[in-house]
Each structure stands twice: as structure tokens, then as C-alpha cells.
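Student: This is what each chain is made of:
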Amino acid sequence: DSGVTQTPKHLITATGQRVTLRCSPRSGDLSVYWYQQSLDQGLQFLIQYYNGEERAKGNILERFSAQQFPDLHSELNLSSLELGDSALYFCASSGQAASTDTQYFGPGTRLTVL
Amino acid sequence: GESVGLHLPTLSVQEGDNSIINCAYSNSASDYFIWYKQESGKGPQFIIDIRSNMDKRQGQRVTVLLNKTVKHLSLQIAATQPGDSAVYFCAENGSSNTGKLIFGQGTTLQVKP
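Residue numbers (the working numbering), protein chains in the order written: chain A, 3 to 116; chain B, 54 to 166.
Isolated chain A, as found in the complex (with noise of 0.2 Å):
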């Protein structure tokens, strides 16, 4: 267990909907980042925050859009969902911002769209 905890497990959706994913990060890290992983993309970085601010950006699309509140909890919100955007959505966080931080990974979100 990493301590990071991801809610809900899985998610079965309709195309044009938008979901919520949730992510606690492991207690003291201040940093969190979400990566999507397919089948044919392989683990990709989406974004990440660090105390509540957008740090980086990776490939992501417009349709998504995330924040960390106070608590650093974070949420991934996806829109306009596609059939495309079936994954598996992971969230890592990490003690501080640094390129060099090791980060702990949750158990998943599988978003399937139907």
C-alpha cells in the first residue's frame, strides 16, 4: 500500500458525460500528479500540483481540467467524454515539487465510456 488512495475504483460512463475522479495524496506530500495509462499510449504524465498550484502540464487534453483544494486532496475532471478516453487514470504524489522525487503511486481509476 502507498498510501495514496484513489476513489472510486472503477467508473462505467456514456459518451458526452463528464466524471470526477478523486486522489488523496500519502500524508505530508504536497505534491500531486495524475497520469492516464492505455493500451496503445502506455503511462502518460497529464499534470501535476504542488500545494494547491499548477506546476506542470503535460498532453492534456481541454475536455480535462484538475485542482487540488487545501486538504491537497485532488480531483481530475473529465468532459465530453469519448470513447477513446477509456484508461486507466493513476494519481502519484510526492513530498515536494523536485524532478527528483520519488513518487508513490495509487491503485487506479478504470474509466471505461460506453
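These are computed hints drawn from the structure, not numbers from a lab.
These figures come from a predicted structure and were not determined experimentally.
Where hints are given, some of them may not hold.
As the list claims (entries may be wrong) - Ranges of calculated distance between the beta carbons of each label pair, as one might list FRET restraints: (1) B/Phe99 - A/Leu63: 23 to 31 Å; (2) B/Glu68 - A/Arg65: 43 to 51 Å; (3) A/Lys11 - B/Ser65: 28 to 36 Å; (4) A/Arg65 - B/Gln129: 39 to 47 Å; (5) B/Asp108 - A/Ser67: 35 to 43 Å; (6) B/Ser79 - A/Thr104: 17 to 25 Å; (7) B/Asn150 - A/Ile62: 17 to 25 Å.
The C-beta atom is built at its ideal place from N, Cα and C for all residues, glycine as well.
Based on these hints, arrange chain B on the given structure of chain A.
Tutor: Just chain B, lined up with the frame of chain A:
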């Protein structure tokens, strides 16, 4: 563009043998490398990391080797056990000054009893 690739998609080894998983990276500015293990239905689990000022680092039954000259990373697992069966990913931090990790495609390690 930036890429981290693995040489072999699947590695099959006999229980008790040593395993070597290889990884090539393309970004010479990367100064931090990590190996993760992902079991079916779970998130990536940190195994071991290494910084670019080192060429070898050892953990419990695992060793990571870094060859910056040829941009090559390897993970050695000693006395491989059935519980080691999983997908192994290498990752690098790229040239950014953030926590963005660039992952390789992954190698499946199968341990035969």
C-alpha cells in the same frame, strides 16, 4: 521527441535465475531514473531509483545500472521469484524542472516455476 523505450516486451525466466530488464532513454538531460513494477490490477510500485551522478545502485535483490554514455538503464533482479512476475517500467525525469516522468513502454516479466 523525448522517449524512453524498452528493448524486449516480454522476458521469461526460470524461478531462481537472475533477470535483466533493459531500457534505452533518449533525453541526455535526464538526471533521475526510476524503475516501477506494476502487477495486474494495481498501480505502479516504486522499486529503485538512481541519479545521473551514479552508475550503480543496489537494493534488496535488485540492482540498477546506468550507462550515460549509451543512454542505457537496466534492472537486475537476483534469484527471481514467482512474485516478481509483473510489468516493469523505466522512467526518466526528462529535461523539465518539474516532476513530469516519461515512462517506457514496459516489459512483462514471466517467472516459470
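Student: The structure should be examined with respect to each hint, and the outcome stated for every one.
Tutor: These are the hints, each one checked on the structure:
| no. | hint | in the structure |
| --- | --- | --- |
| 1 | B/Phe99 - A/Leu63: 23 to 31 Å | 28 Å, holds |
| 2 | B/Glu68 - A/Arg65: 43 to 51 Å | 46 Å, holds |
| 3 | A/Lys11 - B/Ser65: 28 to 36 Å | 31 Å, holds |
| 4 | A/Arg65 - B/Gln129: 39 to 47 Å | 42 Å, holds |
| 5 | B/Asp108 - A/Ser67: 35 to 43 Å | 41 Å, holds |
| 6 | B/Ser79 - A/Thr104: 17 to 25 Å | 22 Å, holds |
| 7 | B/Asn150 - A/Ile62: 17 to 25 Å | 18 Å, holds |
The structure fails none of the hints (numbered hints given earlier).
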